[in-house]
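Position 175 (the first sequence) corresponds to 240 in our numbering; numbering is contiguous.
Please keep in mind that the hints were generated in silico from the structure rather than gathered at the bench. Even glycine gets a Cβ: it sits at the ideal position worked out from N, Cα and C. Be aware that a few hints might be false.
Quick list of simulated restraints, FRET-style, between CB atoms [said to hold, decoys possible]:
id : residue 1 : residue 2 : range
1  : P341      : E280      : 15 to 23 Å
2  : A329      : P219      : 40 to 48 Å
3  : G289      : G340      : 20 to 28 Å
4  : I202      : A176      : 14 to 22 Å
5  : R139      : A176      : 43 to 51 Å
6  : D85       : D231      : 35 to 43 Å
7  : P286      : R165      : 41 to 49 Å
8  : P178      : P219      : 34 to 42 Å
9  : R139      : E255      : 33 to 41 Å
With a Cα cut of at most 25 Å, we get these calculated BS3-like pairs of lysine-lysine [as the list claims (entries may be wrong)]:
id : residue 1 : residue 2
10 : K200      : K291
11 : K200      : K359
12 : K291      : K359
13 : K291      : K206
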Amino acid sequence: MPALAAWSAWTAFPPSFAPDDSTLAEILDGGQAFRWYGPTEHGVWSGSWGDTFAEVRRHPSGVLEWRAVTADARDPAAAVHRYFALDQDWAGWMDRLPWRSDAHLARCQAAFPHLRLLRQPFGETLLGFLCSATKQILQIKQMMRLLAERHGEPVAPGIHRLPTWDALARVPEAELRRCLLGFRARYIHETALRLQAEPDWLAVTEASPYAVAKERLCSLPGVGEKVADCVLLFGAGQLEAFPVDVWILRALSDRYGLQGWSPAQVARFGRAHFGPHAGLAQQFVFAWERRHGKAFPPDAATART
DNA sequence: TAGAGACCTGA
DNA sequence: CAGGTCTCT
66 MPALAAWSAW TAFPPSFAPD DSTLAEILDG GQAFRWYGPT EHGVWSGSWG DTFAEVRRHP
126 SGVLEWRAVT ADARDPAAAV HRYFALDQDW AGWMDRLPWR SDAHLARCQA AFPHLRLLRQ
186 PFGETLLGFL CSATKQILQI KQMMRLLAER HGEPVAPGIH RLPTWDALAR VPEAELRRCL
246 LGFRARYIHE TALRLQAEPD WLAVTEASPY AVAKERLCSL PGVGEKVADC VLLFGAGQLE
306 AFPVDVWILR ALSDRYGLQG WSPAQVARFG RAHFGPHAGL AQQFVFAWER RHGKAFPPDA
366 ATART
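Using the sequences provided together with the hints, build the complete structure.
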């Protein structure tokens with residue numbers, strides 16, 4: 066009998082990563098990643114990326130901690146650090162956002178302490194957002210779950226990883242449709258074939274500067290500006306990426322007075338206003354709009370075009 | 001860098 | 001109708 070995958074011991078996250086429960090939920094299940102489930106009645110989140118399966122919970126002391134298993138039973142600490150980008154200068158980036166002159170941004174930052182951008186595996190991020198068109202988070206998660214169960218290798222007993230693009234290239238489009246993908250099945254199938262024909266395309270794209278990487282991504286079927294920016298922001302650490310979805314459109318319209326602006330115009334405004342880490346600002350504005358937007362109808366003072 | 005409709009399926 | 005893209009006018 067093969068060695069059973071073993072859990073690492075529960076390990077505390079560093080004090081620099083101390084989100085409250087609501088912010089943790091926003092990080093894990095707010096639309097960046099589609100592979101987290103929770104919290105259980107005991108407050109445990111479980112999720113997976115690549116070959117890693119992890120759990121996150123709050124110790125009675127209040128400290129956030131994690132444990133994980135990996136498919137080949139190597140120490141998962143490095144994988145966890147990379148995924149949560151624990152070695153990055155979040156405090157510095159936060160301080161360099163224009164919160165001093167932007168009261169709404171300051172409010173968003175205050176509302177989600179330690180909100181982070183995840184650094185997910187590039188290929189998986191692409192897969193997730195290729196499925197995201199006109200779908201809610203719940204439905205995207207369902208698609209990912211079916212893809213993993215039916216076409217991904219097991220990483221631990223009962224747990225399957227997402228299929229690699231190589232594996233996806235071997236799945237007929239009709240079979241993909243059975244994973245609730247709908248018209249997105251064609252995008253994924255065709256993308257898989259292209260990636261198969263060019264084995265280092267993903268790695269080269271991930272390592273390319275923002276503008277180049279975005280152009281490359283946009284050449285894939287089903288990938289437009291919004292999806293490309295999500296993939297680069299959540300799967301490549303490109304903080305310049307500024308995805309404009311309906312929430313950001315609404316937020317910039319209602320909070321910044323940009324009624325009637327097109328997505329392209331809003332994107333230009335976002336990069337100019339929020340600066341080189343616009344993608345980070347975007348995450349706060351996005352989270353705030355989803356959670357609190359309804360309680361704050363558009364401000365009459367800014368509601369002029 | 002305009003606007004409309006199609007594309008799948010299910011909450 | 002839904003966190004988008006593609007295509008055509």
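Okay, the hints, checked on the actual structure:
1. P341 to E280: 15 to 23 Å: 19 Å, holds
2. A329 to P219: 40 to 48 Å: 43 Å, holds
3. G289 to G340: 20 to 28 Å: With Cβ atoms ~24 Å apart, the hint holds.
4. I202 to A176: 14 to 22 Å: 19 Å, holds
5. R139 to A176: 43 to 51 Å: 38 Å, violated
6. D85 to D231: 35 to 43 Å: 40 Å, holds
7. P286 to R165: 41 to 49 Å: Taking Cβ atoms as reference, P286 and R165 lie about 43 Å apart, which means the hint holds.
8. P178 to P219: 34 to 42 Å: 36 Å, holds
9. R139 to E255: 33 to 41 Å: Holds: the Cβ-Cβ distance is about 34 Å, inside 33 to 41 Å.
10. K200 to K291: 14 Å, holds
11. K200 to K359: Holds, because 20 Å separates the two Cα atoms, which is no more than 25 Å.
12. K291 to K359: Given pair K291, K359 holds - Cα atoms ~23 Å apart, limit 25 Å.
13. K291 to K206: Given pair K291, K206 holds - Cα atoms ~19 Å apart, limit 25 Å.
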